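Asker: Chains as they are written, first to last, in numbering that gives the first Met the number 0: chain P, 0 to 259; chain B, 0 to 299.
By construction, these hints were calculated from the structure, which means they are not laboratory data.
A hint or two may mislead.
Claimed, not checked - The calculated DSSO-like cross-link candidates involving lysine-lysine, where the alpha carbons are at most 27 Å apart (straight line), are:
#	chain 1	residue 1	chain 2	residue 2
1	B	K57	B	K78
2	P	K119	B	K177
3	P	K8	P	K77
4	B	K119	B	K83
5	B	K78	P	K77
6	B	K197	P	K115
7	P	K115	B	K203
8	P	K111	P	K132
9	P	K132	B	K203
10	P	K207	P	K8
11	B	K83	P	K133
12	P	K111	B	K203
13	P	K115	P	K133
14	P	K228	P	K207
15	P	K228	P	K33
16	B	K57	B	K119
17	P	K8	P	K33
18	P	K9	P	K133
19	P	K228	P	K9
20	P	K111	P	K77
21	P	K115	P	K132
22	B	K197	B	K177
23	P	K9	P	K119
24	P	K77	B	K203
25	B	K197	P	K111
26	P	K77	P	K33
27	B	K78	B	K119
28	B	K123	B	K203
29	P	K77	B	K197
Note that this is a predicted model, so its numbers are computed, not measured.
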Amino acid sequence: MSEIVISAKKLSLVFPTPDGDVHALSDVDLEINKGDFVSFIGPSGCGKTTFLRTIADLELPTSGELQVNGVSAAEARKARAYGYVFQHASLYPWRTIESNIALPLEIMGFSKAEQKQRVKQVLELVSLDDFAKKYPWQLSGGMQQRASIARSLAFDADLLLMDEPFGALDEIVRDHLNQQLLELWARTNKTICFVTHSINEAVYLSTKIVVMSPRPGRVIDVITSTLPKDRPLDIRESDEFRDIAHRVREGLRAGQSYDG
Amino acid sequence: MMGKNGKLIPILTVLAVIVAIWYVCVVWLNAPFEYDQAQRNDIELTFGEMVSNTMAQKRPVLPAVHQVFEEIWNTTVLKKVTSKRSLIYHAWITLSVTLLGFVMGGILGILLSVGIVHNKAMDKSVMPWVITSQTIPILAIAPMIIVVLNAIGFSGLIPKAFIATYLSFFPIVVGMVKGLRSPDQAQLDLMRTYNASKSQLFWKLRWPSSMPYLFTSLKVAVAAALVGAIVAELPTGAVAGLGARMLAGSYYGQTIQIWSALFVAAIVAAGLVIIVGILHNYVLGRMGQLDGQGTREADA
């Protein structure tokens, strides 16, 4: 049996606001295995980003249990167990691309030689080797996001948390990056948690799709993909792909009808 | 970005207008004295004579621009630097006070802002006092500071530099508090995901983020420090410095002397601001992003 990386039991998170409590997460039960590519999909306010941030120990759950790599989320963060990719690249504008990617390595105390070698390696991985000395503003949005993915890969954490990393990009760039991400995942065998708004993206990328619904944020359906691991872009035309996408859509619709 | 040539013509146009208005005022303000003199000496004064006379008075109400520059020329180039009448000598005294006060103000301002950003109690307790400090009229408090410091054994440069510090630390505190708080939530979260220490967070994120704010406030602060240095020379019976020159000029009705000291002070201030501006461009250029205006060049 495969190893469990993330396990959530009855996880809830309530944000107190002046207009009353907001139940961002309500009784979420979920297990994610090592090597899984899990997508979280749902409308705004369904708690998918909050769940990801909770795993990253950027938010504190109000109740329930959450384990990352068998320890608490805080301990996992302190052990630098994951790389996080934000919705916007959040590169530091005063650092060149290579020095942005070296940032986590500097903080974690890697030697200069090791930093150099790792930066080179991940830059090649996202095909940005020619842009090492450029500043973020000299790169397109898609390239910036690739640089931020390279940054999250640099220290080689086994878990990758991605919060709508391609949300702000156009569809052509997005297709391309999706393909690259799948290749990368296949090569590195990392566990990836991926938040998205797009049904196509979720179905195309994932081995497991978690459908969520808002108010309170909860899991509606967990779909295990039957698609093969090797996925060319035109797999999206296949019946199998459409069936899964249909089930996701059904789940999202069911979630909405709760609101009544 | 607009080139240097694109800025030069508008600036020169405004300068020409100011100089023209100045000369009109010179004639207008100095004319009564000329008519008075003429009447007393029973001379008929033509308009042409009157105009040329108003620009050559010994103690005019408003000296002509060329008189001021003549005086500056006489008291800088034509005087030995060691002479008590050399404006370079006086400017140097004021400049040294300014620089000492500016450096102290810079250090104090940065330290206070770091404290305010990192410590809630300091944010609540110190910030209101920093703001209050600037509502006290500096002219009123300057003599007292000098007297008190003299009493406890500080004399010479230091008490005056404190006044310069008093004026210059404020813009730095305000600018740096804003600058150190400028990183957005995602940039802060990123550091948290790396489990970065407080000092790493400071040196790798907050400090570099604050650089554009720092240099903008340094420009304001260096000009304020010069004002502080001049103000500090006024009430203390200082015998040297641009402020002392202005004071002495006003005692003896030497308006040309006052204006020439004023012009030199303005030139020194402009020079200091330009130097900080060059430093600004250099540092932010090294950081690969910004021009002196704190804006990025077009992404194209």
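Asker: Now look at each hint and say whether the structure bears it out.
Answerer: Hints versus structure:
A threshold of 27 Å between alpha carbons decides the hint, and for K57/B with K78/B the separation of about 20 Å falls inside it, so the pair holds. A distance of roughly 36 Å separates the Cα atoms of K119/P and K177/B; the hinted pair therefore is violated under the 27 Å criterion. Proximity of K8/P to K77/P is assessed by CA-CA distance (about 22 Å); at most 27 Å being required, the pair is judged to hold. Pair hint K119/B plus K83/B does not hold up; C-alpha atoms about 51 Å apart against a cutoff of 27 Å.
About 69 Å separates the Cα atoms of K78/B and K77/P, which puts this hinted pair outside 27 Å; it is violated. Under the criterion of a C-alpha separation no larger than 27 Å, the hint pairing K197/B with K115/P is consistent with the structure, at around 25 Å. Restraint check for K115/P and K203/B: the C-alpha separation of about 18 Å stays at or below 27 Å, so the hint holds. Pair hint K111/P plus K132/P holds up; C-alpha atoms about 17 Å apart against a cutoff of 27 Å.
With a C-alpha separation of about 18 Å, the suggested pair K132/P and K203/B falls inside the 27 Å cut-off, and the hint holds. For the hint pairing K207/P with K8/P, the CA-to-CA distance comes to about 18 Å; that is within 27 Å, so the pair holds. Of the supplied pair hints, the one linking K83/B and K133/P is violated, its CA atoms being roughly 55 Å apart against a limit of 27 Å. For the given pair, K111/P sits about 16 Å from K203/B by alpha-carbon distance, which is consistent with the 27 Å threshold.
Between the alpha carbons of K115/P and K133/P the distance comes to roughly 16 Å, so the proposed pair stays at or under 27 Å and holds. This hinted pair checks out: K228/P and K207/P have alpha carbons roughly 12 Å apart, not beyond 27 Å. The suggested pairing of K228/P with K33/P holds, with an alpha-carbon distance near 15 Å, which does not exceed 27 Å. Simply put, K57/B and K119/B have alpha-carbon atoms about 60 Å apart, too far for the 27 Å limit, and the pair is violated.
Taking the CA atoms of K8/P and K33/P, the gap is near 18 Å; set against the 27 Å cutoff, the hint holds. Between the alpha carbons of K9/P and K133/P the distance comes to roughly 46 Å, so the proposed pair goes past 27 Å and is violated. For the hint linking K228/P to K9/P, the alpha-carbon distance of about 31 Å lies beyond 27 Å, and the restraint is violated. A distance of roughly 22 Å separates the Cα atoms of K111/P and K77/P; the hinted pair therefore holds under the 27 Å criterion.
Distance hint between K115/P and K132/P is fulfilled; the C-alpha atoms sit about 13 Å from each other, no more than 27 Å. Taking the CA atoms of K197/B and K177/B, the gap is about 18 Å. The hint holds against a cut of 27 Å. Simply put, K9/P and K119/P have alpha-carbon atoms about 42 Å apart, too far for the 27 Å limit, and the pair is violated. Taking the CA atoms of K77/P and K203/B, the gap is about 18 Å. The hint holds against a cut of 27 Å.
Simply put, K197/B and K111/P have alpha-carbon atoms about 22 Å apart, close enough for the 27 Å limit, and the pair holds. A threshold of 27 Å between alpha carbons decides the hint, and for K77/P with K33/P the separation of about 20 Å falls inside it, so the pair holds. Annotation: proposed proximity of K78/B to K119/B is violated, straight-line Cα distance about 56 Å (limit 27 Å). Of the supplied pair hints, the one linking K123/B and K203/B holds, its CA atoms being roughly 26 Å apart against a limit of 27 Å.
For the hint linking K77/P to K197/B, the alpha-carbon distance of about 14 Å falls within 27 Å, and the restraint holds.
Going down the numbered hints, you'll see the structure goes against 2, 4, 5, 11, 16, 18, 19, 23, 27, while the others check out.
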